[in-house]
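For chain A, the structure is supplied; the task is to place chain B on it using the hints.
Order-wise, the sequence lines are chains A and B. This note's numbering puts the first residue of the first sequence at 1, with every later residue one more than the last. This note's numbering puts the first residue of the second sequence at 107, with every later residue one more than the last.
No lab work stands behind these hints, which were simulated from the structure alone. Quick caveat, the model's predicted, so the values are computed rather than measured. Don't take every hint at face value.
[As the list claims (entries may be wrong)] With a straight-line Cα cutoff of 16 Å, these simulated EDC-like cross-link-like pairs (lysine to aspartate or glutamate) come out:
id : chain 1 : residue 1 : chain 2 : residue 2
1  : B       : Lys200    : A       : Glu63
2  : B       : Lys200    : A       : Asp75
3  : B       : Lys200    : A       : Glu58
4  : B       : Lys114    : A       : Glu43
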Amino acid sequence: MAEGTFRPGRVQRRLTGEPMTIGGRTLQPIASVSGWIGGGGNEEGSGGGALLSVTPLEVIVHEADDREQRVPTPDAAGAALKGILLAGLGGPLIWLVVRLIVRRSK
Amino acid sequence: MNDMASNKALKPLNEWLERLNVRAVFGEPVHEGNTVVIPVGSLRMGFGYGAGSAPPQPGDDGNTQPTPGEGAGGGGAGTLQPRGYLRITPDDVKYEPIMDTTLISLAGILMAAWNVFWIARTIRAFAPKKPDKSE
Numbered sequence: 001m002a003e004g005t006f007r008p009g010r011v012q013r014r015l016t017g018e019p020m021t022i023g024g025r026t027l028q029p030i031a032s033v034s035g036w037i038g039g040g041g042n043e044e045g046s047g048g049g050a051l052l053s054v055t056p057l058e059v060i061v062h063e064a065d066d067r068e069q070r071v072p073t074p075d076a077a078g079a080a081l082k083g084i085l086l087a088g089l090g091g092p093l094i095w096l097v098v099r100l101i102v103r104r105s106k
Numbered sequence: 107m108n109d110m111a112s113n114k115a116l117k118p119l120n121e122w123l124e125r126l127n128v129r130a131v132f133g134e135p136v137h138e139g140n141t142v143v144i145p146v147g148s149l150r151m152g153f154g155y156g157a158g159s160a161p162p163q164p165g166d167d168g169n170t171q172p173t174p175g176e177g178a179g180g181g182g183a184g185t186l187q188p189r190g191y192l193r194i195t196p197d198d199v200k201y202e203p204i205m206d207t208t209l210i211s212l213a214g215i216l217m218a219a220w221n222v223f224w225i226a227r228t229i230r231a232f233a234p235k236k237p238d239k240s241e
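This is chain A alone, in the form it adopts within the complex (with noise of 0.2 Å):
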């Protein structure tokens, strides 16, 4: 549950789940809301609105003995994107190093 009063403005608040048994482990979820909200008015009418985003970070498991261990959960398709747009990145600063070069050596 997110706590606290959420202002206007940019939101990045951490949502702690209450603990679930399972198997004799009981497992916390954890995750996050980001965002902006806002709002306004006066007298004569007033208004609000948000942009957010909740994203789960990782689960707490806590074994029977007492260990514990965390287990995130990475958005893999996301990262698989970022990575293949970085990639493409590569194409166009080649050229631009190269015509640099060309350009000094003339």
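The following block gives chain B in isolation, referenced to the frame of chain A:
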């Protein structure tokens, strides 16, 4: 902007956000034999709302007329995308990501084509220019 009005405008938003919890992205456990699966997703959303009314206007006879109109509205959109699932067995707890292979493949092909274009352009920069036939 009036602070009190601003706080009033944010009140429903705050009440909604206070109720927001991890259940938005961690699903209900599904039991299948000795294995329990918890679906994991990511949520993105946007919404807005507003309400207003016209202030009381003095009438021709000098008396205040009833409010001529008021209204309220709202709207929103959101997406919940599957990200993976937690597989809980008697031995361990594992997170298995879900990959959209079609999207990844398509992005990879597009990026390869993009890089081929730039590499071809780079090679052309090195290539000697052909002599002009008109000369």
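Practice item. Output the numbers, in ascending order, of every earlier hint that fails for this structure. Key: none
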